[in-house]
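Protein sequences, first through last, are from chains A and B. Counting along the first sequence from 1, when you hit position 150 you're at 150 in full-length UniProt numbering, and nothing is skipped either side. Counting along the second sequence from 1, when you hit position 245 you're at 245 in full-length UniProt numbering, and nothing is skipped either side.
Keep in mind that the hints were calculated from the coordinates and are not lab data.
With a cut-off of at most 25 Å between alpha-carbon atoms, the simulated SDA-like pairs for lysine to any residue come out as follows:
(1) A:Lys51 with A:Gln267
(2) B:Lys21 with A:Tyr219
(3) A:Lys106 with B:Gly26
(4) B:Lys21 with A:Val210
(5) A:Lys141 with B:Thr251
(6) A:Lys51 with B:Gly136
(7) B:Lys170 with B:Ser114
(8) B:Lys170 with A:Ala25
(9) B:Lys21 with A:Pro91
(10) B:Lys62 with B:Asn257
(11) B:Lys170 with A:Arg319
(12) A:Lys141 with A:Glu171
(13) B:Lys237 with A:Asn286
(14) B:Lys170 with B:Arg213
(15) A:Lys165 with A:Thr148
(16) B:Lys62 with B:Glu50
(17) B:Lys170 with A:Leu320
(18) A:Lys141 with B:Leu42
(19) A:Lys51 with A:Gln40
(20) B:Lys62 with B:Leu85
(21) B:Lys170 with A:Leu209
(22) B:Lys170 with A:Val31
(23) A:Lys141 with A:Glu151
(24) B:Lys21 with A:Arg231
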Amino acid sequence: MSKRTASPRQLSSASDRVFEGLILALAAVIVLVFVLSVYQLGTESWPALQKFGLNFFTSRVWNPVTGEFGAAAMIAGTLVTSIAALVISVPLAIASALFVAEYAPKWLANPVGYLIELLAAVPSVVYGLWALFVIAPILGKWQTNFFTSPENVQTLTRCTDLWNKNQTSLECFFVPSSAAGRGLALAIIILTVMILPYTASVARDVIRLVPQDQREAMYALGATKWEVISRAILPYARAGIMGGVILALGRALGETLAVAMVIGDSQDILKSIWGNASTMASVIANQFGDAQEALHRSSVVTLGLSLFFLSVVVNYIARLIIARLTPKGIQ
Amino acid sequence: MRAATTPNSTRHQLSPARRAKNLAMGGLIVLATLIVVAPLILIFAYLIREGLGAMNLDFFTKVPAPEGETGGGLANAILGSIEMLALASVLGVVVGVSGGIFLAEYPRHPLMPSIRMISDVLAGIPAIVMGLVAYGLIVLQFGFSGLAGAVALGFLMIPIVVRTTEEVLKLVPQTVREAGLALGLPKWLVTLRIVLPAAAGGIVTGVMLALARVAGEAAPLLFTAFGNNQINLDPTKPMSALPLEIYRGATSAYDENQRLAKAGALLLITLIFITSLLARRASRRK
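Isolated chain B (complex conformation) (with noise of 0.2 Å):
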């Protein structure tokens, strides 16, 4: 792409043995491409053939039949997702970018390097993990909840926004800093009426990235959120999620929970593509 064409003169003296390699090697990086997209391709293929059939109005207005009978939809998952991303984000958005100001704004700050360290480690805990941590903070207290599954998707959301307000907020030139402390503005003031405002769709995208990153999460919901067979938006109650029927659907022995379980992987996994892209877009323009 960006390389210097080869002169033509050289490609008289090339040996073959050397051609040969140079067009093998070639080849072979084509093919090694052409596997590692093909999954993807693959399973999107297998959702839509297997699960667009079962997306129909009952699919996002009624609940799971029970067990051996047909009919039924994941309305109980598509509401408990919703509800329980909207709670995580609440904990995930305030923490997050309150990290990514001091992280950005205060880079003389004693607590600073600890701070920064900490969130870097919070980012390669297993997801499961958190799950057995929100376990014993909340569940051991207040019994499985919508909550406690929210605080666990919470936990796993806030390095990835510090880390994204982080990077924006340094992107912003010191000079617009400067101009407003100049006008005599408290650095307070200059923090959050410029400073953040000019970062604001930086730092949405990286909301957007964490929401579609812990949307899939079922792991931390299997003993948080626990999973509810009813509608529920009580927060104190156990709650479903979309990839917590996934996951009971595809394990299931029964056809229609399968059948539920692909329809939803569909849904699931075209929502959060079209988040991830459209955050991706909005970055790549800046």
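Here chain A stands alone, though its shape is the one from the complex (with noise of 0.2 Å):
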């Protein structure tokens, strides 16, 4: 593509290679903020890590007080909310991705279309803001029901004891354990809605590549437009839509204020999926401006570390299986 030996004269490859060089250097910046924020972060890290070594992500106790660190619950906080937004925001996502792409008519098609990629620009702290004031008084109502009736006095007692125990049981992960509305399936409710949308609008651009003929073909057999979908599309489209449900899962990973409003800023280990929980994101978001001890600081940035990588590591799953699935590129 560059032409480098066409520029005729000695001059003007001066000055090109001037432009280059300024050119590079600037884009080096990308390079070297990527640099300093390892850099960064790996050092402000250190303290705990040297401390705490590989018990840091083991350990449940997370104590400022007795300066004892430990990540595990918000490790688990954060698996649980994302995977669980995961798998119930893939199949609303696909099906959404099909509508566009292959039911709704072109005048319907674009607007919602539209809509679908709106919902990825409302901020996350509006996200927060909507959970908090809409959602969590329905959830705190049916909660209080269940505390109130009388019928669920047994099952409240049952697990009120092994929750003291720091225990859980697969019944009681469902048992309500307070009733204020916050709490690991709220963060999971408003993390499923927040990520839609990146699967959704990577479906919607592999299913618009499976072609025409694989279509017709079908059709040309007497199948149904399910069948076709089930059959034709959604198996030639499945691995671009698995990159575009990595991405989401990226996203989810490090979503953080609009979980950190509304998942209640616990260290309960999935107690109930109505308590509260935390994630590493949203400990970051609500403890790193009061942190003063030293330790309790390196071990919030250790956090951001461990997130950091993750999402490296995701992201880049993600961009390879999208990049190799479709050769034209998606955008």
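Could you fit the two chains together into a complex? Lean on the hints.
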């Protein structure tokens, strides 16, 4: 593409070299940002990593007073919220992509496509505000009903005993532990909505890349629309959709304020889906500003460093899948 | 939409089970789409109902009233957001556009693959982590400031601008470059005077999308810009921003702060929607 030899005169090749150097220097700022980020997060995490080692990731104790920091509860919170949100959002996202690409007439497909893209443009804090003021009261009311209805007394006593011993069971995992409305469940709901557009738009793009012949061949054999979708379109687009799903996972892992506002900020580990919890990102948002102790601060930054590497790996996999499957490139 | 219609003759041969399944799945797909778009409509309707009333002159000209008192506005946040976004754009546009030029115009440069990969990696880093980085780089030395917030937002803008610039530059036909070179222009002049102007519209679209993306970020501002109850235009001092005030207001116990947060959210979401729709419309037309 570049024709470096095409410049005829000595003069222009010198100025070309200056320009190339300048552009390269500015582009190198991108590398600098990356290197500085790794360095910054690395040096600030060092005290915590040195003190706790790998225990940092397995210990459940996070206690600023005693100076013990283990991130197992936040890691569990991050994984549970992200994966649950993914499981709920993927079928919805694929269905909406199918609607836009296969079902809707053009006059409807474009506006619906726009609306789904706008969903990605809503800021995290606004999702948090809405979840806090609108969804939390609804969930809270349902939980209060559970608490106050007499037939649940036995279940509640049994589960409270279990929780006090820091244990949980599958049955108690679905029993309300407070009536605030906030907690894991609300975080999962809001994350589901927030990551929907990422999977939906990638899915829509790969579904549109499915060659028309595939559809026509099946229609010619007498297939119904659903049969064409389930046997010709989805298998063809499957790998590309997978890339979109992993991209959405990357978003979910790092999503911060909406989750921080609704998850309840507690170190309870998988106590109840209705109970308070925390994620790595929510702890950074809620605690970094107040962390006075050097070790506390360093532990919070270690969460940031872990999140950094997690996002790099997840996004790299997503891009690898998307790039390999779509030779024409998806934007 | 684009699918060939099922010929009539096969419709008679469809077993009831297959026809029922086809209809049921179609219905589920429509239902799922309604569920997907519902939150957007519900959020917008909620904010209009709760926030529109608070959008009076005071909202745009005054600062928040002291806690527990009524009245006030978000002038400090509106001005802070504008100033920080302007500063962030300087960083985002200069580095982002240069990065895009480098990736598109020097594809054989040995450093090109690594810069492209690092740019892609940066795009996936959570905003809050960029806040931690900007805290370490700037706040630890100089204290909380609007500039630190702008740097964090600028870092977040860079990969978005890089990617759109690269893509738009690649759309400029190779023959245009060759024509310039054939006239004896050096490559740098061809790039600056012919290729960039041809792609300017698309680059502006990319910058607008990047701005819309970071305008709503509060997480990286929590411990960089920090927030300020007064109007402050000095970038070396703590500064407020709309997303910050929305966050503080929404988590506040005072009705008045919550009211301001809802009005702020309505303003922010409206501005972001307008920006992204304009940007998308401009890019669709090409």
